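> Next come the chains, spelled out residue by residue.
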Amino acid sequence: MSLSKTAEELREGVDLQSIPLAYLIPAIFIGALALPYLGTSYFFINTLIYALLFVGLGQSWNIIGGYAGQISLGHAVMFATGAYTTAILFIYYGITPYLGLIVAGLLAAAVGLSLGALTFRLRYHYFSIATLAATLGIYVIALQWDWIGGAVGLEYPIAQIGDSLSLMFDSRQMYFYVMWAFALGTTVLVYRLHTSKLGIYLKAIDIDQELAENAGISAFWYKMYAMGLSSFIAGIGGGLFAQYVLYVEPRILLELIRNVEFVLIPVIGGLGTVLGPIVGAAIYIFTREYTRTLLGGTQTGLSWVIFGTVLILISMYRPSGLIRRRPVIKDSNEHKETSTVSAGSEADDD
Amino acid sequence: MIPLVLGAVADGLMIGLAYGLVAAGLGLIWGVMDIVNFAHGEHMLIAMYVTLLVTAELSVSPLLLLPVNAVLMFVVGYATYVFIIKRTMDGPVLGQVLCTFGLLLAIRYGIIYLVGPSTRTVSDFAFDGSTTAYGISISYPAVLTAVVSIVTIVLLYFLLERTSIGKAIRATAQDKQAAQVLGIKTDRIYAVSWGIGLAATGIAGTMIATYFPIQPSSTPGVWTIASFAAVALGGLGSIFGAVIGGIVIGLVQNVGATFLDPSYQQLYVYIVLIGALLYQREDILNWVTDR
Numbered sequence: 009m010s011l012s013k014t015a016e017e018l019r020e021g022v023d024l025q026s027i028p029l030a031y032l033i034p035a036i037f038i039g040a041l042a043l044p045y046l047g048t049s050y051f052f053i054n055t056l057i058y059a060l061l062f063v064g065l066g067q068s069w070n071i072i073g074g075y076a077g078q079i080s081l082g083h084a085v086m087f088a089t090g091a092y093t094t095a096i097l098f099i100y101y102g103i104t105p106y107l108g109l110i111v112a113g114l115l116a117a118a119v120g121l122s123l124g125a126l127t128f129r130l131r132y133h134y135f136s137i138a139t140l141a142a143t144l145g146i147y148v149i150a151l152q153w154d155w156i157g158g159a160v161g162l163e164y165p166i167a168q169i170g171d172s173l174s175l176m177f178d179s180r181q182m183y184f185y186v187m188w189a190f191a192l193g194t195t196v197l198v199y200r201l202h203t204s205k206l207g208i209y210l211k212a213i214d215i216d217q218e219l220a221e222n223a224g225i226s227a228f229w230y231k232m233y234a235m236g237l238s239s240f241i242a243g244i245g246g247g248l249f250a251q252y253v254l255y256v257e258p259r260i261l262l263e264l265i266r267n268v269e270f271v272l273i274p275v276i277g278g279l280g281t282v283l284g285p286i287v288g289a290a291i292y293i294f295t296r297e298y299t300r301t302l303l304g305g306t307q308t309g310l311s312w313v314i315f316g317t318v319l320i321l322i323s324m325y326r327p328s329g330l331i332r333r334r335p336v337i338k339d340s341n342e343h344k345e346t347s348t349v350s351a352g353s354e355a356d357d358d
Numbered sequence: 024m025i026p027l028v029l030g031a032v033a034d035g036l037m038i039g040l041a042y043g044l045v046a047a048g049l050g051l052i053w054g055v056m057d058i059v060n061f062a063h064g065e066h067m068l069i070a071m072y073v074t075l076l077v078t079a080e081l082s083v084s085p086l087l088l089l090p091v092n093a094v095l096m097f098v099v100g101y102a103t104y105v106f107i108i109k110r111t112m113d114g115p116v117l118g119q120v121l122c123t124f125g126l127l128l129a130i131r132y133g134i135i136y137l138v139g140p141s142t143r144t145v146s147d148f149a150f151d152g153s154t155t156a157y158g159i160s161i162s163y164p165a166v167l168t169a170v171v172s173i174v175t176i177v178l179l180y181f182l183l184e185r186t187s188i189g190k191a192i193r194a195t196a197q198d199k200q201a202a203q204v205l206g207i208k209t210d211r212i213y214a215v216s217w218g219i220g221l222a223a224t225g226i227a228g229t230m231i232a233t234y235f236p237i238q239p240s241s242t243p244g245v246w247t248i249a250s251f252a253a254v255a256l257g258g259l260g261s262i263f264g265a266v267i268g269g270i271v272i273g274l275v276q277n278v279g280a281t282f283l284d285p286s287y288q289q290l291y292v293y294i295v296l297i298g299a300l301l302y303q304r305e306d307i308l309n310w311v312t313d314r
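Note that the protein sequences, when read in sequence, are chains X and V.
Residues in the first sequence are numbered consecutively from 9, following our numbering.
Residues in the second sequence are numbered consecutively from 24, following our numbering.
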């Protein structure tokens, strides 16, 4: 009896549903503060920093891909916009990244909105293709654009590490806290979104755009809203990434792989869920970093074979990710609701 | 100046025919079951590497590998549908995009892992060489590739228009339910469409490997995007649409590289692709909203 119940739960997804997010999110993030004390190796802290950064980036994609259901394959563009903006403002003009990050977010949002204005007329895989083409095109431009460093990129002035306004730190611990704050901020934002009118509208557009529009929701403008938010976060994430690695170049910022990472993390965890990107980033980054060391530098290709296979398996067996979506509106009689829903959809079929 | 124009046009036409063939394969899968194969170029890469490795090891002519690769890629396509794609068909579009994207990563990096990331071409090919006519240089392998592409496209046309399997494919593309009612096993038709779609990449890949430098991390993307653009330009449901689209892409690339900055060669294709998607022909648009 209990065995079959466990099997059922596993099939249905990890059941965190019974614990309210208002308790779960603080518990996860306060718990995460203890992580740097578990190991002091550079490698471990580095992995933690990336995991937290990618929680935020995953949340960014989650808004547009998970909630609004628009499969953007071009989020690296906004990520790169943020990274280049922060880096250029600091390197060329000496503007502190504390300000630069905000500019980065806003500029990335502007880029995202332009991309959205251009491509939101397209649906399904047409949207994916157009966003993919956009990011590949911008990659080509970035490689040739001398002002932003071309293919070589730009490096941060190392002499200023540790300056109070440089947002560059001697210790990895400080970066950990910065990324922790970024992950927490984005998670709280998505949590707010999840229960807000906007979140519900976006989900409605994802499920049936025509129906949503008939109900008076402007699909285009709500998608733009989501794109703006998502791009803003991606831009700040890009800026933080630049502050951490201390250089910007097209290859690491705009590669195809970057676009995939945005998608992979919420997809592994659970699309349109608040916890999905957290679970996804933890699984993805730890697998990525550890396979990288285990397989050695020249054989990094193998880890991408593994992630490709994971994507295929997820799409075959659990296209919505590990975590089930939480109902926004609590329903006391779940069975009754599902039966009416199925009756309704049957009626729609003719 | 005139030889320069002629040269760019000739090169564009020849490579464009190969783009057309690859795009016809992509368009067939896309049109029949509404799945975009993001791994199309990677599938082509398999045929390219079979050609590179077999010709290097056994010193046989790449031409002998044409039927081998066609059959191999047919089997790969058929199996890909039966074992993988079929299971995503009932799910959301997201699942299908993720699935072919996963294939892209697995195949591309699998090949890089197995044979390394270096650039290669078939070292000696019986038809190597070039001639100069009207002041432009034309390489024989490129001409041969264009000829093979034309022949394959014509064969593909007859397969779809004149044979019973072709009729079944077209019927399934038009209306799946009606085709099922008429006794067509649509699942098998989907698998066959994947087989034929990838067999086209097998033939094109074999020929391209004879004269084009192949780099596993960048070549497949070029071909995938070029065929997306060709299909978006030419419209679904017609092979010749895809072929004309392919020729346009070939011309845009080569003429653009000759007269504008050659380092932006790929950018011109991306721009044409986005433009074509945004100003699609009516039939694509209807077909999208009808799904």
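Any given hint could be a false lead.
[Claimed, not checked] Computed, partial: chain V to chain X, Cβ under 7 Å: (1) 112; (2) 114; (3) 115; (4) 121; (5) 135; (6) 136; (7) 138; (8) 141; (9) 143; (10) 300; (11) 302.
In case anyone wonders, no lab produced these hints; they're calculated from the structure.
Remember, predicted model here, so these are calculated numbers, not experimental data.
Every residue, glycine too, gets a C-beta built ideally from N, C-alpha and C.
> May I ask which of the numbered hints given earlier this structure violates, with the numbers listed in increasing order?
1, 7, 8, 9, 11
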